[in-house]
Amino acid sequence: MSEPETRPDPDRLLAQLRAEEEKARRGALKIFFGASAGVGKTYTMLEDGRKQLAAGRDVVVGYVEPHGRRETEALLAGLPQLATRQVSHRGVGMLEFDVDAALARRPALILVDELAHTNADGCRHAKRWQDVEDLLAAGIDVYTTLNVQHLESLNDIVAQITGVTVRETLPDAVFEHADDVELIDLPPDDLLARLREGKVYLPQLVERALAGFFRRGNLVALRELALRRTADRVNADVLSVRRLQASPGPWPTRERVLVCLGPDRGSARVVRAGRRLATALRADWMAATVETPFTRRLSEAGRARLAQNLRLAERLGAETMTLSGQHIADEILSCARARNVTQIVVGAPGKPRWLRAVIGSTTDDLIRSGGDIDTHVVPHGRDDDEDAEAGRGEQGDMRAPLAPRLAPGAEPEDVTSPALGPGYRAAALAVLASSVFAWLMDWAGLTEANVIMTYLLGVAYVAARHGRGPAVATSVASVVAFDLLFVPPAYTLAVSDTQYLLTFAVMTGIALLISAMTVRIREQAEASREREQRTGALFRMSRHLSSTTGTLTLVHVALIQLADVFGKEVTILLPGADGRLAPPPGAPADFVAVDERTGVARWVLEHGQAAGHGTDTLPGCQALYMPLAASQGTLGVLGIRPPQGVQLSAPEQRQLLETLANQIALALERDALARAAQQVQVAAETERLRSSLLASVSHDLRTPLAVISGASGALLDEDASREGVVRDPATRRQMLQSIHSEAERLSRLVRNLLDMTRVESGALVPECEWLPVEEVVGSALNALGGRLAGRAVSVELPADLPMLHADGVLLEQVFINLLENALRHTPEGTPIEIRARAETASGSAPRDAPGAPGALGAPGAPGGATSGATSDVRDVVIDFSDRGPGIPLDELQRVFDKFYRSERGRGGTGLGLTICRGILQAHGGGIEALPREGGGATFRLRIPVSGQPPALAPDPAPDPAP
Amino acid sequence: MSADVPANLPLVLIIEDEAPIRSFLRVALTGHGYRVVEAERGDTGLIHAATYVPDVVILDLGLPDMDGLSVTRRLREWSAVPLVVLSARGQEKDKVAALDAGADDYLTKPFSMPELLARLRVALRHAAARQRGDAGATVETGGLRLDLAARRVTLDGAEVRLTNLEYKLLAHLARHAGRVLTQRQILKEVWGPGSAGQAHTLRVFMSQLRHKLEADPARPRYLLTEQGVGYRMAAE
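Protein chains in written order, with my numbering: chain A, 193 to 1154; chain B, 2 to 237.
These are calculated hints, taken from the structure and not from any lab test. Cβ coordinates follow ideal geometry from the N, Cα and C atoms, glycine included. Take the hints with a grain of salt, since some may be wrong.
[Claimed, not checked] So the derived label-pair ranges between C-beta atoms look like this:
1) Ser939(A) x Thr45(B): 51 to 61 Å
2) Arg27(B) x Asp909(A): 40 to 50 Å
3) Thr949(A) x Arg27(B): 29 to 39 Å
4) Pro1023(A) x Gly143(B): 17 to 27 Å
5) Arg222(B) x Gly1021(A): 41 to 51 Å
Construct the entire structure; sequences and hints are all you get.
Rendered as structure tokens:
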């Protein structure tokens, strides 16, 4: 693990290249970095901005706090400025940077002062650096300023030096990922001189500043910090360059740091120490907290602090995890071994030495069992660090109403007195009941041992039902009651026999032990029940999701499962076809509509990070929004509104939510992939069909083309040489004839192919009109014209045949194809018969139904010819019969297959009948091939007719008689 | 056929972008006693129509620069020259639109030369009749004879009794014998404007006429259906 690497790790190089690519699309961040206010950061930034403006770039000032400095104001005058946003905070109007306006304006470069600034309520983000992240992500370059005391990892050091804790902090990652950091340095004496001249603060504030933050000692120390931090950064840059160029040199060993966290305030300091250690070692680091039965008893405030500590670690770049088990040290160490951790950072034990000697401490356990893992013990910070009033440098001093301080998610501690809780009432009742029962036993003459047992039973009961406090109260009260009621002298606390003192001590000890053990069992049971609940929820979710397909169904199932665990107000937003995020129909989404104005869901989708309630981004939202992140990006957004008063920031809740969100995302992705795979399969199938079509068609195309080009070539050749073989006029004519007929065959093939394409592409939408069968038959026979010569074509159409509701052009095509088919496959001179009849849809054939309405052809009565149809759905059946060789039984089905050609068939394309079937199916009808009695084949068409033709147009006014 | 050709050979304007089709038309038409002018674009076609004043125009509906329908409309703004449109199969709607816009007839590619010559003859004859201001007192095709002045219809010499409306329909078709008429054109003429949606009424009356005039109504000789377009009374 600690082998020195001698060549660059390709994965790491790749990661670095990727990061650079990512950067190319992002805007560049330049930080003007200084030791304290007044060194001239804003001034330099504005000067640089002016230079860029003069160089022709689109530069805009997003937000600059001039602090009444004349030099700054003079510089500001020449630069275009973005309007600030008026935010009302607790009734006081405040000016804030308007990130939405900046994004809309899209300058090439924007100047935003004070990167560590905390935004007022109602802004998009809690912190200004988050605004800046959005700007960078949008490809806008940003210039900004930062004081060293605002860096998160130096926060406690600065507090030690200056005695002032700075509240507005900036995650180190932002500073480290900045593309450029320019140190603005001013020796402390010069700065103090400037301060006295009133160039930094307004005169009335100078004295206060000089006495507080701006002491010379402070300034020297801060300057050193700033210089060192900048040097570190330069060092990191050099390393990065070296790595990229693979120049030989010492490569850092792989170290890993694990920071142990608790719910105490001091843990924040442990986190920062861990972070500094990791940075110094250039190591990956992680932060872990262990959930034990003890942590379940934490107050709301304790939980909030734990969550806060974890978030701090996350912000500082750690991977965070929540372990769960009985024994903290064991869990930490097993995690450390599993993750190849080399350094553990832990807070110093807070317990007094004697107590540690008795019950031990996690820190001691870690050191004892750590083996080859180094353990660093960090002294806890003063618990009241964070409550100290902070002089907050230039931001704090200069802005009249202080910005809100509440860390998001941290509720004010709510300590309610538990004295009158139901547990204590139960304790009192238990003691009372035990006493009554014991008194009865005493009266009955039973021994004191039984009395004591009765009291212990009461203690066990209360412990099992109501927890530690009431159990302890019951123990004490039981001893007192025993003394009062049963130890002589009765009804006083006095004791006549000193032996009883021992009895009291043992009784108290046993009572406490019973209560402790019972409570512990109960807590373990509760913990395992909760764990079981979580596991159960996960299991159910994964089982339901894995057996579901279809995006909407998946979302629906996921919502039901989520609502089971988290309550009703859950929704999943998926981007629709128009890119807008919308909840699925039927999901409760009132809060989505409210939150939509903030664009929070869109932000989550684009950034792949959680936002909304309980987070640092748009914390004013009603709901928490989590990304549904899968391997191919964020697929959607999970929105959840916690029930009133419930925090979703508890680590185990968040983790469960994240795990469930991941499962949903994976299920959605799996579904999308399955669909994509299916589409690929369909495409492949289509491709296969297409190539078989091509193979078949190319043969059919080549044959006539060969004849045409061959025959015409021969004729041309003969014309040119005059010595050709084709001199005989009869031969010439024969050749011309074959050119002509092959051209017609080609034309027929192309027509069929086009029809086929229309049928198959689904573009075949019949334009139905009311048509007499007779007319379509007539136009089809006409179209074939002379080719029917020599054939007896008989047409039998009953007079009462209803009109068809069909597309005339398509139906004519069917008839032509069937007639051509008959001409091709039956011997010349054999008859062709066309017969039609109407059938009720059930299939019986009322051929001779008298006076069937809607019929045609009753001459002389135009008005009544088609009126008054009554039946709803009927089929018109049309038979095309021939007296040819017939179709073998096993081919009756296959004749309709694409490119199916009977062996006896000549010159057909194998498409005609397929087209017929396609057209009839588009009409809701069908076609079948039947053997015919007495030889030959019948093609039976069935076309459903529903409804009736409309009434005839009224007669026009009659012409005057001639 | 050459006997019919007047001394002054009729001039055909061919507006067609495909050179092979133009050249085949030129050869064939010249061989059958026509003079030919060619244009490969719609705009030049319109200019030629104004300069050369052709006796008949053949127009391809699929031109590269403007669609045939607008050529038809613009030509009809100032000229009554007979116009035959050429179209690919499956463009029934375009054909009907061109006919409604004033084209006299249509042919579907691929077409045969005799078909084209027959269409040109019919178009020229109708134009000549129109110029004479004489729609012809009688129309005769096969055994069917219409005496338009006397409102008499005879089939193989025997008088056929028709209702007023049937006669009106038949007479309209007979006046344009050989030419295709769209359903809309017939309905407008016979039933009056506002009857455009009544295609099935027209079909019912056509069927009645066939039953009175045709020996086999399912294989009509006189009253032909152009599926998807309209009707045509057979000429010659």
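For each hint, the structure was consulted:
Between Ser939(A) and Thr45(B) the CB atoms are about 29 Å apart, so this pair departs from the stated range of 51 to 61 Å. Evaluation of the 40 to 50 Å hint for Arg27(B) and Asp909(A) yields a failure: the beta carbon distance comes to about 24 Å. Our hint of 29 to 39 Å for Thr949(A) and Arg27(B) holds, since their Cβ atoms are close to 33 Å apart. Roughly 25 Å separates the CB atoms of Pro1023(A) and Gly143(B), a value that falls within the hinted 17 to 27 Å.
The hinted range of 41 to 51 Å is not satisfied by Arg222(B) and Gly1021(A), whose Cβ atoms lie roughly 22 Å apart.
In summary, the numbered hints that this structure violates are 1, 2 and 5.
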